[in-house]
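Take these sequences, add in the hints, and give me the full structure.
Read off the chains here:
There are 2 protein chains.
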Amino acid sequence: MRAFYKLPRLYVTGEIVQGDDIVLPKDQGHFLSRVLRRTVGDQVRLFNGNDGEYLASITHISKRETVLSAGEQIRTLEPPPDIWLLFAPIKHKRNVFIVEKATELGAALIQPVITARTTSRINIDKMQAHVIEAAEQTERLDLPQIRDAQKLEHILAGWDKSRTLVFADEGGDAKPAATALAKIKAPAAILIGPEGGFTADERAMLRAKPYCVPISLGPRILRADTAAAATLALWQAVSGDW
Amino acid sequence: MRAFYKLPRLYVTGEIVQGDDIVLPKDQGHFLSRVLRRTVGDQVRLFNGNDGEYLASITHISKRETVLSAGEQIRTLEPPPDIWLLFAPIKHKRNVFIVEKATELGAALIQPVITARTTSRINIDKMQAHVIEAAEQTERLDLPQIRDAQKLEHILAGWDKSRTLVFADEGGDAKPAATALAKIKAPAAILIGPEGGFTADERAMLRAKPYCVPISLGPRILRADTAAAATLALWQAVSGDW
Numbered sequence: 012m013r014a015f016y017k018l019p020r021l022y023v024t025g026e027i028v029q030g031d032d033i034v035l036p037k038d039q040g041h042f043l044s045r046v047l048r049r050t051v052g053d054q055v056r057l058f059n060g061n062d063g064e065y066l067a068s069i070t071h072i073s074k075r076e077t078v079l080s081a082g083e084q085i086r087t088l089e090p091p092p093d094i095w096l097l098f099a100p101i102k103h104k105r106n107v108f109i110v111e112k113a114t115e116l117g118a119a120l121i122q123p124v125i126t127a128r129t130t131s132r133i134n135i136d137k138m139q140a141h142v143i144e145a146a147e148q149t150e151r152l153d154l155p156q157i158r159d160a161q162k163l164e165h166i167l168a169g170w171d172k173s174r175t176l177v178f179a180d181e182g183g184d185a186k187p188a189a190t191a192l193a194k195i196k197a198p199a200a201i202l203i204g205p206e207g208g209f210t211a212d213e214r215a216m217l218r219a220k221p222y223c224v225p226i227s228l229g230p231r232i233l234r235a236d237t238a239a240a241a242t243l244a245l246w247q248a249v250s251g252d253w
Numbered sequence: 012m013r014a015f016y017k018l019p020r021l022y023v024t025g026e027i028v029q030g031d032d033i034v035l036p037k038d039q040g041h042f043l044s045r046v047l048r049r050t051v052g053d054q055v056r057l058f059n060g061n062d063g064e065y066l067a068s069i070t071h072i073s074k075r076e077t078v079l080s081a082g083e084q085i086r087t088l089e090p091p092p093d094i095w096l097l098f099a100p101i102k103h104k105r106n107v108f109i110v111e112k113a114t115e116l117g118a119a120l121i122q123p124v125i126t127a128r129t130t131s132r133i134n135i136d137k138m139q140a141h142v143i144e145a146a147e148q149t150e151r152l153d154l155p156q157i158r159d160a161q162k163l164e165h166i167l168a169g170w171d172k173s174r175t176l177v178f179a180d181e182g183g184d185a186k187p188a189a190t191a192l193a194k195i196k197a198p199a200a201i202l203i204g205p206e207g208g209f210t211a212d213e214r215a216m217l218r219a220k221p222y223c224v225p226i227s228l229g230p231r232i233l234r235a236d237t238a239a240a241a242t243l244a245l246w247q248a249v250s251g252d253w
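Residue numbers (this note's numbering), protein chains in the order written: chain A, 12 to 253; chain B, 12 to 253.
Only true hints are included.
A pair counts as met if it fits within one copy or between any two copies, since identical chains are not told apart.
Only pairs whose alpha carbons sit at most 25 Å apart, straight line, appear in this in silico SDA-like list of lysine to any residue: (1) 102 with 18; (2) 17 with 131; (3) 104 with 42; (4) 104 with 162; (5) 17 with 128; (6) 220 with 174; (7) 17 with 212; (8) 186 with 218; (9) 172 with 217; (10) 102 with 149; (11) 220 with 125; (12) 194 with 230; (13) 104 with 206; (14) 137 with 103; (15) 196 with 174; (16) 162 with 139; (17) 102 with 164; (18) 194 with 252; (19) 137 with 19; (20) 196 with 163; (21) 17 with 229; (22) 186 with 197; (23) 17 with 210.
These aren't lab readings, by the way, just hints derived from the structure by calculation.
Spelled out as structure tokens, the structure:
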């Protein structure tokens, strides 16, 4: 099994069936031949987010197209724990970071949230490319779903109350993260506020929900991207699949 | 106390003495007047990494210089726990990320490490600017020390055996991170390998040291920057000051 880790790993859309030909999109073909310098006969691994991982071998490379022949399945899908990440978009560079880290740290769903102090937008199409790249890197077999941004009130209005919603709160009585997260099992979600934090109204609204748990992330002020990665890692370590 | 959080926070070199004038470097003066649009009479906060935090008010702004008058001390220095981060340099963008996150997550010292598979260099002077910026943001009163890169063998040869060295290891018998880190108290250090990981020789060398503890960071492969932020956050949550 571990020897396969050395083989390039590509995300493809559509079904993977042993023996079938798969034509790669031009940029992936280029990446494989020019950047990784693979040629006809070399092996790669394929995943599509739903069907585990397959071996494949390169049967044709030209400037115009790269064709693979799908081989045997080498891993079956084991979806990561049911943990969501909700975050208020910030600068583009930091949004990319959050989406990449959420994918590596095993978030099942990524939901951008518009709060009162959210001043940035997010381009979901661009984020999807970062999700795929991070999933390829991290040996994940599924892709986290990424949703369009929605207002916080709207998200809470449709919330499934069986899913605990953890949010980082600077209020004095929030519990230390490790203790609180150890008690919060899947399905769960983590909500990270914007730069400048939640408003007093938003905090009151969140704290009034029976499914919301405020946590504290220590004495230093963390940027939103740091808070997102730290909370997801912590949850995976104490209640997830680490 | 919390009201002060709204005031800009600047790192200055040199002593801060109540009543003394402090002339800001040109870029900080520009940032204060042009970006933050502060004028004479406005208050700011100052820290120098050693003496806690002081109020100061702007007494002069011109194109040529910005002068502050130092006021009373509002916070005394409480250094974060004695945790170090050792990491093998990767791409510049990701080195910046590691240094920024290490500062936010309370590392006391940042040590770049050259391992067998380390192919990237790191510019410590540039990193120092990111340390300062992150410390300003994160309400930290000290700055992590950042050292010049050194070879792994050299670092281990001079290691103080009372400091536990945690390293992320993909070997099968490494303990889950949360359990292992909960037992590791300061002084401690976290070592993150390069892309491609440690060599078999390096892993054997590390594992032979009585002060080294291998930990596992779950079933997904994490990039080095993710592993650094995740491990530091976890340690702070279970054995540090969170």
